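Q: In case you want the letters, here they are:
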Amino acid sequence: MSTESTYYVPEQSKMPLIAATGMGVMAYGAASWVLEGGTATIFLIGSLIMAGVLYKWWSIVIDENMRGLASPQLKHSYVLGMLWFIFSEVMFFACFFGALFYVRVLVNSWIGGEAAVGWFDDTPTDAAAANAQHLWPGYETAWPPMITPDQAVNGDAAQFKGPDQNMSFPGWDRILHWLPLWNTLVLLTSSVTVHIAHTGLKDGNRKKFNTWLGITVALGIFFLFLQVEEYIEAYQHMGLTLESGIYGTTFFMLTGFHGMHVTLGTAMLLIQWLRGLKGHFTHDDQFGFEAASWYWHFVDVVWVGLFLFVYVLA
Amino acid sequence: MAHGPATLADGWGKYLSRWLFTTNHKDIGTLYLWFSFAMFIMGGAFAMVIRAELFQPGMQLIKPEFFNQMTTMHGLVMVFGAIMPAFVGLANWMIPMMIGAPDMALPRMNNLSFWILPFAFAILTSTLFMEGGGPNFGWTFYAPLSTTYAPDTVNYFIFGVHIMGASSIMGSINIIATVMNMRAPGMTYMKMPMFVWTWVITAFLLVAVMPVLAGAVTMMLMDINFGTSFFDAAGGGDPVLFQHIFWFFGHPEVYIIILPAFGVVSHIIPTFSRKPLFGYSSMVYATAAIAFLSFVVWAHHMFTVGMPIAGELYFMYATMLIAVPTGVKVFNWITTMYRGSLTFETPMLFSIAFVILFTFGGFTGMMLSIAAADMQYHDTYFVVAHFHYVMVAGAVFSGTAAVYYWLPKWCGKMYNETMGKVQFWIAFIGFNITFMPQHFLGLAGMPRRYADYGLQFADWNMVSSIGAFMYGGAQILFLFNVVRTIGWGEPTKDPKVWEGAEGLEWTLPTPAPYHTFAKPPKIK
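Just so you know, the sequences run in chain order C and F.
The numbers in our numbering rise by one with no breaks, and the one at position 231 of the first sequence is 231.
The numbers in our numbering rise by one with no breaks, and the one at position 316 of the second sequence is 316.
In case anyone wonders, no lab produced these hints; they're calculated from the structure.
Since the model is a prediction, treat every value here as computed from it, not as a measurement.
Just to be clear, a hint being listed does not mean it is correct.
[Said to hold, decoys possible] Here are the simulated lysine-lysine pairs, DSS-like style, with alpha carbons at most 25 Å apart:
1) F:Lys191 <-> C:Lys14
2) F:Lys522 <-> C:Lys75
3) F:Lys421 <-> F:Lys493
4) F:Lys519 <-> C:Lys75
5) C:Lys56 <-> F:Lys14
6) C:Lys75 <-> C:Lys278
[What the hints assert, rightly or not] Facing chain C, from chain F, some residues (calculated, C-beta under 10 Å):
7) Leu117
8) Val154
9) Ser229
10) Phe230
11) Ala289
12) Lys493
13) Thr507
14) Pro511
15) Ala518
C-beta: ideal position from N, C-alpha, C; glycine also.
When you get a sec, could you build the whole thing from the sequences and use the hints?
A: Rendered as structure tokens:
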């Protein structure tokens, strides 16, 4: 509930309209880009508009804050805004995790002609029986599926071909060569370092803040480097691509979207680091940094889910 | 806050920039409302094309391909362009005034949420003029119709949905932040007006499910352009996965549409019954219960896809459970009217019609929820009739009631009551003539989304089309009445406008000043 102080309602602003234009141009540009023979020009123009407007918009907000226009109540609105934004991101990932579970637990057994996991009953459904006998004979339920249903029926003529190798746990003897494990260590460590940076800021210890936030950004970049390595390995040596049936699909979409969020989170933290060097934060006013660090922890938690369900339990 | 809003007297440039760059919740509310009305007319025009073609059996006016585009665009434009923005417009106008806040919590983001919409719908509508035509796979865009067999323009649809979703998410976050953070001192949660309650719950639903819709269209994009196999069994995916994801979004979506309508009616009925709302707290809990249930019933839209029997049973019973909190609401509205001193101004007429027709639509929903019976009803005109009873007589009637109810507060002028009542009766009769016969058509086996039909369906289709033209005509009268009120209506200065009205917004002067509650009021 509000207090007696007046709430800061900004004057008219050109930023929203320009941002909406940027988004509109980006959306139109992206759609024409993916079409056969399309180019990225319009999309890039939209992205430039968007980048420019976001820079300007956030500069304005930071400037307002430095001039003391932002009351505690307004700052609480920003906090709520960020938290609910992160919640919406959680739901976005929930959608892809849901797809993974559905495909893995139910569809995979159905296409192989098995019953619905035997949770409710053991009799195969008509659909499962039809799949086994008529549609995809020869497909055997397995996760990760190294052979797609298409391949089981059409052999080498198949449109979707399964991967040669998968990303699952390779066994204890090769565990140190298992990239996802290192990725996990890097990202978990970065969650700790960003927390140390936060304590530094709260204590008013600038040097501690700058150092540990710098380390966090470096770890974020290192994670992305490892992920690129993993993708190159997958495409060049493991025959694992976006087109490798549902395993490649879920693997790349989940880790890919996570990677995009790590990129975004790293960029956020980098900006906060630069702002820290300019002396933007005080021990009791640090929302920009806190928002970025919440986002970072969220990205971290998503990775733990990914590590479990995409890599370990596969 | 130094000066008032620019008017036409300040010159076109200033007037235009007021609307383009505004951060004022009332201006943005107005923009939303006019935009949604424009979309309502456009979506309505599509519906007129559909009903004109279905006036007689056989193909007369348009090609079947174009018919498919019309049904798809009608659904998309009405759901995402007309009804949702209309209620966001009402939220913008009313929530700050109802909770004693100076504006929305994040005013610039508020304007961004609005201005994305014209771009999104320009992109979506432009596909109608492109090679291959607009989206033709139904508003539910089931894979593989929307992936393997879709026209190339589907990519424009996908990115249009993306930015529209971004707009919705930002708008909802704004509403949540406003309600959680900006209430006047003393305005506890259980003192909040019902419209605020229904909207904040709606906003939670939106933040939860719009990202899931974004996920669904992203999967489509990847399947179409980048060789993934989410919805292709050949690669190990499943087209039914699309339906699960879509309806995980889609079922809460229908409550996103109807909950704010509940809120509006919960204000209008007490006002014209001159009694407080019966069972306020049960109303709040019922709204929350409906919102919760909306997340766990989605597969009742897909009883015929071949789910395991246990799934069918679960989704059937869970769906029936929704009737309980909804019944609480209907009971409370009726009990509010019981022994009240009722008058029947236009908003009240629309609200009473809402209660009756929405309940009727709820009953047909109960019929559809019976999995075994749904095998017969599925994808027939019975379903079309059912959801138009809740979408049109539910959401649109309530939105119309809201405009008549609050318009005098907004512009300080009174609408023409006779014209309002005439519009109500034309709309009410026209609506029922349109959609009541569609129940019979559906039960007799006429499938939805077809450009042609068997001769046995001819009579009721003609009746339905006549009703549709009547209902469409009523909207022109509505537009005329609103424009006439704003321009030449009889001025009123009474803060309460309606003698039975209660709430903070009615303590403000009429017309509502550009900036209100710069200092929060005290709530007892």
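Q: Which hints from the list above does the structure break, by number from lowest to highest?
A: Numbers 1, 11, 12, 13 and 14 - these are the hints that the structure violates, sorted from lowest upward.
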